[in-house]
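I would like the entire structure built from these sequences, with the hints used as guidance.
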Amino acid sequence: MSPDVRKAVRYVPPHLRKANGTDPEALLRLKKQLKGLLNRMSEPNLATILDSVDEVYRSHSRHDVTSTLTSLLIEGVSSHSLLLDSYVVLHAAFISSLHKTVGAEFASYLIQHVVSSYEHAYKSTREGAAASDQVSTLSKESTSLIMLLAELYNFQVISCVLIYDIIRELLDGDITELDVELLLKVVRGAGSRLRQDDPLALKDIIQIVQQKVSEKTEAPSSRTRFMIETLTNLKNNKLKRSATQGQGGNEAVERLRKFLSALHKKRHVLSHDPLRLTLDDLRTAETRGRWWLPGAPWVGDPLAERQAECRANAKQEGSDPTQEQQDVDHALLRLAKKQGMNTDIRRSIFVVLMSSEDYVDACDRLSQLGLTEVQQREIVRVLLHCSGNEKVYNPYYALVGQHLCRTSHAPKVTIQFCLWDFLRELGESGVGGLAVLKSLEESQGLDGSDDFDTDGKISQTRVDNIARLYAWWIAKDSPLDFAMLKPSAKRFLKCLLVYVFRSVQAAGPAYDVGPSLSGGGTDAGWSGDAQRSRGAIEDVFIKATRSETLAVGLLYFIKDAFREETDGFVRWACKVACDALGTAV
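The numbering of the sequence shown is this note's numbering, which starts it at -9 and goes up by one.
There's no promise every hint is true.
[Said to hold, decoys possible] Below, in silico cross-link-like pairs of lysine-lysine (BS3-like), each with a Cα-Cα straight-line distance of 27 Å or less:
#  : residue 1 : residue 2
1  : K327      : K248
2  : K206      : K225
3  : K193      : K175
4  : K202      : K113
5  : K175      : K255
6  : K402      : K480
7  : K549      : K480
8  : K402      : K533
9  : K381      : K327
10 : K381      : K484
11 : K25       : K193
12 : K381      : K480
13 : K256      : K225
14 : K248      : K328
15 : K206      : K175
16 : K533      : K549
Keep in mind that the hints were calculated from the coordinates and are not lab data.
Structural data, given as structure tokens:
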């Protein structure tokens, strides 16, 4: 092997190789080619120009094309002394097309440089360090660039997060005539979408503007009053798109939107969603990285930063969130012991149920407890215990149980066993495999209860709550089988069936039940007459026909228990249920 081959060669990264091999004349030819395409671009030939730019990307370095195209677009928008809205709309639609076909790296590169140019022009104008004629030029440049950003938001290249950040920057400090002009450009260009995407943020901004204006001693200018009026009309949904565009401008925007929506039919689309960038993301992109680009390095930790921010805010307010959470956990543990949660597993489940934001959060946190299959049975028992002890029925427990049944079959079996346990508490000892239970009780001394530390008394409120809970599970396809009951448990079964009739007609477990069934078992006053669905009741009771014994028992009980029923809806529901059960007899 020759010495030249054996000689070590220093590794050069790909991006440095391109930089070292860049030909100034080639870049000049590329710039001239792209500028010619942009000069010829119009609405009718937008698709043709897009095809030509795609061909340029295939034959040149992507970085060279992106950087050259970005500089040409920014220069073209910011250099015009009198910029037409149609010009900005057309170029924004072109950028949105490249965002979809080239990818998010093009849009993020362009947005970063557009925002940087805008901030430079805006800051120079505010400081007034330049000459008067240069200040006028920079003012027009910042106005043109903010119009471009507003249209890019309209064409879903960026999200409302960046636009609202820019608006808040304009309101930071004294409001000048330049700030008023820039705010008007944004509001008139993208106000309707801003109101639609985040109306609360818009409301906060309007309050800030009104507060800033009221703090001034001198009377606001006519331009400022017009801005406030425009913001108010936007909040009240009375703002129309800028009148300067006219009917033709609105039609052009709609045509471009249709063009963008149909782009995926003719080309391979790489990006669909707008970039959810903030001003801070763009300002720190060189030091912290670009999290929005796949595979790009990122040195930040959003979770740690959010936690640090919460701790700092709490410290300023004089409170410690960690200590507050510990106090809440201790209080819930004391309440769990008071409720008879006599094992660590039950206490943990109780704390999760009581401290969760909603039923989805509760199910997620329950899955993170790492319970074994046997320990997971305690979730249903704690659910029933908590629901029964509520003074007023809480549909939260029904939704938790329903979600658990959808993810696994095991909770359905536990729910059935718990129903047998509850019926035995009511005095019905002939349910749930009596021979097996008797042998267990004789050998282990079990009494068939759920082993909670209770006083053994069963209130009518608990019966009513448990009936509504099981009614919802039965109505929403968490099937349960049960046998005939003794007279001591007939009230429970009657409540259960009435709530089943109601649940199948309701969209959610928090439906209006009318008068409580705890007192007399009647159903007068409930508005079920207006929403009767025969098929919904048949779908529930047809499942009982799989067991002829169960169907016969239910048929007999319904006819006997509701023989003297006066409510029209319940009588109708009983007839539908009996017709469905009669198919098995």
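Outcome of the hint check:
For a cut-off of 27 Å, the pair hint linking K327 to K248 is broken: about 63 Å separates their Cα positions. A C-alpha spacing of about 23 Å is found between K206 and K225, which places the hinted pair at or below 27 Å, so the restraint holds. Between K193 and K175, the direct Cα distance comes to roughly 18 Å. Compliance with the 27 Å bound is thereby established for this hinted pair. Of the pairs offered as hints, the one joining K202 and K113 holds, with about 20 Å between alpha carbons and a cut-off of 27 Å not exceeded.
At most 27 Å may separate the alpha-carbon atoms for a hinted pair to count; K175 and K255 exceed this at roughly 34 Å. Between K402 and K480 the CA atoms are separated by roughly 23 Å; this keeps the pair inside 27 Å, and the hint holds. Of the pairs offered as hints, the one joining K549 and K480 holds, with about 13 Å between alpha carbons and a cut-off of 27 Å not exceeded. The straight-line distance between the Cα atoms of K402 and K533 is roughly 15 Å, inside the 27 Å bound, and the hint therefore holds.
The suggested pairing of K381 with K327 holds, with an alpha-carbon distance near 19 Å, which does not exceed 27 Å. Between K381 and K484, the direct Cα distance comes to roughly 20 Å. Compliance with the 27 Å bound is thereby established for this hinted pair. Taken as a hint, the K25 and K193 pair is broken in the structure, with Cα atoms around 42 Å apart against an allowance of 27 Å. With a C-alpha separation of about 22 Å, the suggested pairing of K381 with K480 holds against the 27 Å cut-off.
Pair hint K256 plus K225 does not hold up; C-alpha atoms about 39 Å apart against a cutoff of 27 Å. Simply put, K248 and K328 have alpha-carbon atoms about 63 Å apart, too far for the 27 Å limit, and the pair is violated. Among the hinted pairs, K206 with K175 is consistent with the structure: their alpha-carbon atoms are about 23 Å apart, no more than 27 Å. Distance hint between K533 and K549 is fulfilled; the C-alpha atoms sit about 19 Å from each other, no more than 27 Å.
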